[in-house]
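Trainee: Chain by chain, the residues run as shown.
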Amino acid sequence: MKSVLRTGAVLAALAAQASCVQMETVEAWDRGYLAEDTMQWETDARSARLKGHVYTSKEASTGGAGAAGGGCGCN
Amino acid sequence: MNPLRSNSAFLRSLTRTLATLPAYQAAATLADAPPAFTEVGVRYSHYSEDDIDASSVIFGATSRYDIDITQLWIEAPVGASWSVALDVQNDYQTGASPWFVGTDQNGEPGVIMSGASIQDNRVEVGVATRYFWADGNAGLNVSRSDEDDYEALSMAFDASWNTAGNTRTWTTSVSNSRDKVNPTQGVIPVFVSDEALDTQSGYFGVSQILSRTAIVRVGLNYTYSDGYLSDPYKLNDQRPQSHERIALSTGYRHFLIDANASIQFDYRYYADSWGVDSHTVELGWAQHFERTTLTPYFRYYSQREADFFEVVADLTEPHFADDYRLSSYGAMTLGARWAINLGDWTFELEGERYWSDANWGLYDGDSAPALVDFWRGTMAIIWRFD
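Here the protein sequences come in this chain order: A and B. Numbering-wise (the numbering used here), the first sequence opens with residue 1 and increments by one. Numbering-wise (the numbering used here), the second sequence opens with residue 76 and increments by one.
Calculated directly from the structure, the hints in this document are not laboratory data. It is possible that some hints are incorrect.
Straight line, CA to CA, 25 Å or less: simulated SDA-like cross-link-like pairs of lysine to any residue [claimed, not checked]: (1) B:Lys255 with B:Tyr308; (2) B:Lys255 with B:Leu228; (3) B:Lys255 with B:Asp221; (4) B:Lys255 with A:Arg49; (5) B:Lys255 with B:Ala289; (6) B:Lys255 with B:Leu161; (7) B:Lys255 with A:Tyr55; (8) B:Lys255 with A:Asp37; (9) B:Lys255 with B:Thr145; (10) B:Lys255 with B:Tyr297; (11) B:Lys255 with B:Leu331; (12) B:Lys255 with B:Tyr299; (13) B:Lys255 with A:Gly52; (14) B:Lys255 with B:Asp210; (15) B:Lys255 with A:Val54; (16) B:Lys255 with B:Val202; (17) B:Lys255 with B:Tyr140; (18) B:Lys255 with B:Arg219; (19) B:Lys255 with A:Thr56; (20) B:Lys255 with B:Trp208; (21) B:Lys255 with A:His53.
Chain B with its partners taken away, still in its complex shape (with noise of 0.2 Å):
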């Protein structure tokens, strides 16, 4: 028997201690040294969307989405200063999605749907590899979705450096990604195909220790994309040929001593060239027991709609859409996340319920009639070894 097995709880406690003394992390969460323990795991998800209420469909079924999601992956150090890892996950989904909004005898807005038997299969592989040196590390990343109608290729390097005596750590990353997209013909016709989009993202953000007990940070990201930008299964949507996003992120943590509590801070301010901006504040609270962590957390999320958005599209402009994506609402979440650590392995439960509505939004705007509704629910199992 290996004696260092016997302990592993104790080592990786330990380990996750130590690994900290050159510096702390990145906004990636890493320290500055390769993970001590090979890890595998398996995460399954269900995602299911409340039924749209029959009084705002047309036409159509009144079912939404499930999707049923499995992730898959192995994570290993290798030698004294890399990592890598291999991610794959699964997405299998089913049902209907709206297809247009159009107005009733009324003239009252009302959802046509797509039909409820649409059926897609996503499948994404992704490598890392990540090397470390005593005051930081870097990785790259490079991935691949496929599903029927749309494939994407993307590739991402980042990069952590610490200063300030190691209390500060700088964080940067870019990324780029090839998406083409060959809608599939189904109960509802679709007018484009062989279609691309290209992607470049760049963050930069800092990391700052304030005290043994909490840490804050703060970053900005940058997004432009160019291309194919429409979504090929709603009739009446013409978007932009291009996109530019920006998003600052600040996030909080503080451990209460008496407690054994954190306290966990996250908001996100973001504005894009379509005239879409947005606020999102969550909220947690991480109760650690002897064996088990209990984090119950509060999402609250808000945007204003697209300069070219309208309930019913207006197909004389430039550009339209009628996707209540693009409309101004508000959505609360609530969830808990549950992990349980038993010596080598680690389960994890996790549920949330997701609520959108216009009259919670911090903008004016008309009501979308299609604002969704849904579940998730994920279980995990985790085995570290080494």
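Excised from the complex, chain A in its bound form (with noise of 0.2 Å):
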């Protein structure tokens, strides 16, 4: 478990490092383009649930970019 909170721990700080970098400022006028369907992290978020959940029924790893849902008896 140590290997695994130690990588935990650099991986915070790297994002933490990484979340404080300046970008340049957009204005709001102009994110048309960020706003498109397919610049959204989940273009369906619906549908990338149910792809995700495919995925951890049949791999050993789970989580990512939200907290864990439920379980099933997947097998």
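Using the hints, put the two standalone chains together into the complex.
Mentor: And the structure:
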């Protein structure tokens, strides 16, 4: 478990560092491209959830960009 | 005739842009305003695993799982600051799965399958509500999943808020799930009943607008489970009673103006207290056409085996498993999603193919004989109205 915690600490530090980087300000009226569906983290949240559920059922890894949901008896 | 309805496509486009004015988005892809339209949708998916190679089977059927998945949902704005959503999902699965791995007359490992008569139905109902304010939003989601042998009740809360001139969005979420496992006796014997599993999970992340065409995010997820974590339908499966997991996820989106397309990149690093760690990379290209968007994507996944995994389980150890899902291997997915927008209606088609192979992994480990390949096909119809 120590290795997991060590890994977590390193990753948290990297995440914090990355989040502190100063970026250019994009005016609100200039965010049309950013508003496109295909620029979202999940183009369709329900479709992404289904896709993630399939992978989670067949792989040892879970989690990612959000807290975990309920389990299932998927085997 | 409602004049606004006749221009709904334009209004949607305008609303989508306006919705990003006070802020951009959170990890859950949320602008800081309720949805402008009510959305009703139905999605059907078929999941089909390839037959297992007959040379890998010592006894039992070679066919594996087929699953039919139906999703229904409605999501609507409530007043100026709230939205609500109801989701219902039904999974019907039939087929067989590996029961355990033994050795044949030559001492080679081979799979004993469960038989081809497993049937199960899972129904999940979820209710969500979300509150939006000027520079953030928060949501609460409660869901219940029921199947013959498994129940799960989960609750999740998330919040996002914007800083740095609304170019940076911080997101956090926590969840709790209480699961009950009560395996059914079928063609294979099971030796457990009335087991429980509790899971808590937390996430913290940030997304940052880099330019008018690029955005990046990074986030960290921690999950802790305590209780029954073995697979009751596998003969040789005795896993630890607790499981700690951590996942770092990053993402990048870039809009190419000349090509009228978006590049989508996602990466996840995962590690857990069972000795598994993995890398997942997904790359997509979303090409816009006049009324449609076509998004081919490629995903690569590689994991290291769990400390207690053996191709043929070592029953003398305190923990053991021969489940191929805990072995070292690599997997590739090739897929495409096609969305067609016709006024208030959107039609979606999606298909993907998943291949796994021990030789494609980044980590050493013996090859499990039951690695799975599968197809998934999905179609959806979505109606939005005001």
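Trainee: What are the numbers of the hints that this structure violates, sorted from low to high?
Mentor: 5, 8, 11, 14 and 20
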